[in-house]
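Asker: Each chain, letter by letter, is given below.
2 protein chains.
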Amino acid sequence: MSNIYVAIMAGGVGTRFWPSSTSSKPKQFLDILGTGKSLLRSTYERFLNLTPKENIYIVTNRDYINLVSDDIPEISEEQILAEPSRNNTAPCIAYTSFKLMALNSNANLVIAPSDHLILNENLFIETIKEGLNFTKKNDALVTLGIQPTRPDIGYGYIQFEKSQYPHKVLKFTEKPQLDIARSMVESGNYLWNAGIFICKASDMVKAFKLYSTEIFDLLNQPEIYNSPLEKRFLEEKYPLTPNISVDYAIMEKAPNVYTIPGAFGWSDLGTWASLHSEMEKTKEGNGMSHPQIFLENVQNSLIKLPNKITGVIRGLENFLVILDNDTLLIWPKDQEQEIKSLVNSLKEKIPSHKI
Amino acid sequence: MSNIYVAIMAGGVGTRFWPSSTSSKPKQFLDILGTGKSLLRSTYERFLNLTPKENIYIVTNRDYINLVSDDIPEISEEQILAEPSRNNTAPCIAYTSFKLMALNSNANLVIAPSDHLILNENLFIETIKEGLNFTKKNDALVTLGIQPTRPDIGYGYIQFEKSQYPHKVLKFTEKPQLDIARSMVESGNYLWNAGIFICKASDMVKAFKLYSTEIFDLLNQPEIYNSPLEKRFLEEKYPLTPNISVDYAIMEKAPNVYTIPGAFGWSDLGTWASLHSEMEKTKEGNGMSHPQIFLENVQNSLIKLPNKITGVIRGLENFLVILDNDTLLIWPKDQEQEIKSLVNSLKEKIPSHKI
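Protein chains in written order, with the numbering used here: chain A, 3 to 357; chain B, 3 to 357.
Just chain A, with the same shape it has in the complex:
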């Protein structure tokens, strides 16, 4: 049995990619890229090149258990970890690490989001293997770093020590101002934080013991995991954990954090605009969901319509046109961050299944 485990985090609530993504079926369960597979399923299949399917776990909110098992019917019920509440990534990763450590004390673990785009899958797996080799032999928490290609203010930045490899992480900077992002990118000393972590489960548990005592104390009952009592224990304790990201809870505090740069072509697909920038486009810069969309004097826009809908559009620049879940969104692409607040303000006016 391999010691290599993968935990795919698939509990996100889907406030982005609206109206395609809704809280009842968030982004990770959608075929955002038009590949015929959900982002979760693509992530799962990618990791089959790393470890047998029995070693791949999906961590999700309990509301989405059925969506996960529908999407990946070949994994067992035990491989779907259900969070009883939404408490951000730190409790999620603590729970996963406790459970896999109890299952296999040598578990060497990859923790990855379910909804990212990876263009070069071979290189991705090679990079992961490099990290696993390192963490197998060292008490280290590795986070994959992406070479920045633009001063994106939506990402976290990793400052790293160039002289050693894997690089020691010097500092994390979350979502910087544009001028700061610009100088960080120009300096060459920063990588984007992809949120893909590699470490032994036991080393992650140890890190929680040292740097996030509250979560550690709540979940530290090793004999309970993988037993019939796990579910009830979790339902009682998990909701009491603080709502905090693993970056704040662990990564920014632990001294043994390392990064391996990966040039495998990555996007967190955090916005429609990021999908637009990754997808195939016409020479006018338009990305379209299918060929029955006819554009005149349209530039740099993303047009996503159901296959049966013909589109005839003239005179838009830098727009999103999305028809999904019986909702038509027409919105300036560079004002995407304001969709969420508008939709929140409409919560009592729009049918709840559309949000």
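Just so you know, not all the hints are guaranteed correct.
Between beta-carbon pairs, the in silico distance windows are [to be verified]:
id : chain 1 : residue 1 : chain 2 : residue 2 : range
1  : B       : ARG64     : A       : LYS310    : 24 to 34 Å
2  : A       : LYS285    : B       : THR151    : 43 to 53 Å
3  : B       : THR151    : A       : SER343    : 35 to 45 Å
4  : B       : GLU128    : A       : SER343    : 49 to 59 Å
5  : A       : PRO293    : B       : ASN5      : 55 to 65 Å
6  : A       : GLY38     : B       : GLU280    : 40 to 50 Å
7  : A       : PRO308    : B       : PRO224    : 53 to 63 Å
8  : A       : GLU128    : B       : THR17     : 58 to 68 Å
9  : B       : LYS342    : A       : VAL15     : 22 to 32 Å
10 : B       : GLU80     : A       : GLY38     : 49 to 59 Å
11 : B       : THR151    : A       : ARG88     : 50 to 60 Å
12 : A       : ASP33     : B       : GLU238    : 54 to 64 Å
13 : B       : ARG184    : A       : VAL15     : 55 to 65 Å
14 : B       : GLN179    : A       : PRO293    : 35 to 45 Å
These are calculated hints, taken from the structure and not from any lab test. This structure is a prediction, so every number in the text was calculated from the model and none was measured. By construction, the Cβ of each residue, glycine as well, lies at the ideal position given by its N, Cα and C atoms.
Using the hints provided, position chain B relative to the given structure of chain A.
Answerer: Only chain B this time, still in chain A's reference frame:
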């Protein structure tokens, strides 16, 4: 039995109001105004205030007979006149006049399009009655005139003799240049030609005999009408008639053409823009098909979505956004005349039922 007859022309092919209007179900069969009734049905019901339903005839293309009888099930099969080919309004009106004259030699006839908007229905009927009183006693062809409210270049203009009433028509001008339209409107001597005609059927037949001999000769077989032979006769002769409008064939030539101005609130609903200008709008000038459409920084636009589709739209000015027949049109409102040529150019790419 009343001598007052109505012939509603409902054979139009529906190249406007695309994508709602298609050749398989053109504009007149659609509830364009959101009243719960098609334009044809609204026109029919309007004329019930003038004459019993037995005296109301619908002239349509034979492809649309079922659409007519579905829409107005209470009229008999004999009241639906089927054109075997599309030959414009002159042959259509000649056929109708021959047929109704054969039915009732005193038939006093209103010929009206099926797809216009009339705001003040009482005043409309009063104006029609005035015309019928005049044509009952005179060999006159009356066309209703509308007081122009703007220099519209899509309409025909009627120059009229002010000193007598009903006014003698001096000259017709079809779709003038903008500067000419402007000076015509300013002069006060012109009305829009609404295409609503009033005359005795026998006087119209006489006019065809005098001014449109080719059509008259082809259709002049009075004993055939309303007999079992009518259908075959029509199938043979009608397609041989020239494709010409009644304006060119008769009205511009006959000396006995009169106009009665009507201030009943009229639009030919010839374009989406004309619908927009007639419909109820927000203070930003937006017309919407239902309340589940949320607009931000949108002005002077027409948004027409199926009821089940929620709309969330920002940053459009002077646009049409129409989702119908599985087609989404987003188009600058003032470039509407170019939709038709685009759609024609796409004929081999778009499924035929959508055109």
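Asker: If a hint holds in the structure, say so; if it doesn't, say that too.
Answerer: Verification of the hints:
1. ARG64(B) x LYS310(A): 24 to 34 Å: 30 Å, holds
2. LYS285(A) x THR151(B): 43 to 53 Å: Between LYS285(A) and THR151(B), where Cβ atoms are some 45 Å apart, the hint holds.
3. THR151(B) x SER343(A): 35 to 45 Å: Holds - the Cβ-Cβ distance for THR151(B) and SER343(A), about 42 Å, lies within 35 to 45 Å.
4. GLU128(B) x SER343(A): 49 to 59 Å: Since GLU128(B) and SER343(A) have Cβ atoms about 54 Å apart, the given range 49 to 59 Å holds.
5. PRO293(A) x ASN5(B): 55 to 65 Å: 59 Å Cβ-Cβ, so the 55 to 65 Å window holds.
6. GLY38(A) x GLU280(B): 40 to 50 Å: Because 46 Å falls inside the window, the suggested range holds.
7. PRO308(A) x PRO224(B): 53 to 63 Å: The hint (53 to 63 Å, Cβ to Cβ) holds, given that PRO308(A) and PRO224(B) are roughly 56 Å apart.
8. GLU128(A) x THR17(B): 58 to 68 Å: 59 Å, holds
9. LYS342(B) x VAL15(A): 22 to 32 Å: 45 Å, violated
10. GLU80(B) x GLY38(A): 49 to 59 Å: Between GLU80(B) and GLY38(A), where Cβ atoms are some 57 Å apart, the hint holds.
11. THR151(B) x ARG88(A): 50 to 60 Å: At 59 Å between Cβs, range holds.
12. ASP33(A) x GLU238(B): 54 to 64 Å: Distance hint for ASP33(A), GLU238(B) holds at roughly 58 Å.
13. ARG184(B) x VAL15(A): 55 to 65 Å: 59 Å, holds
14. GLN179(B) x PRO293(A): 35 to 45 Å: Cβ of GLN179(B) to Cβ of PRO293(A): about 40 Å, so the range 35 to 45 Å holds.
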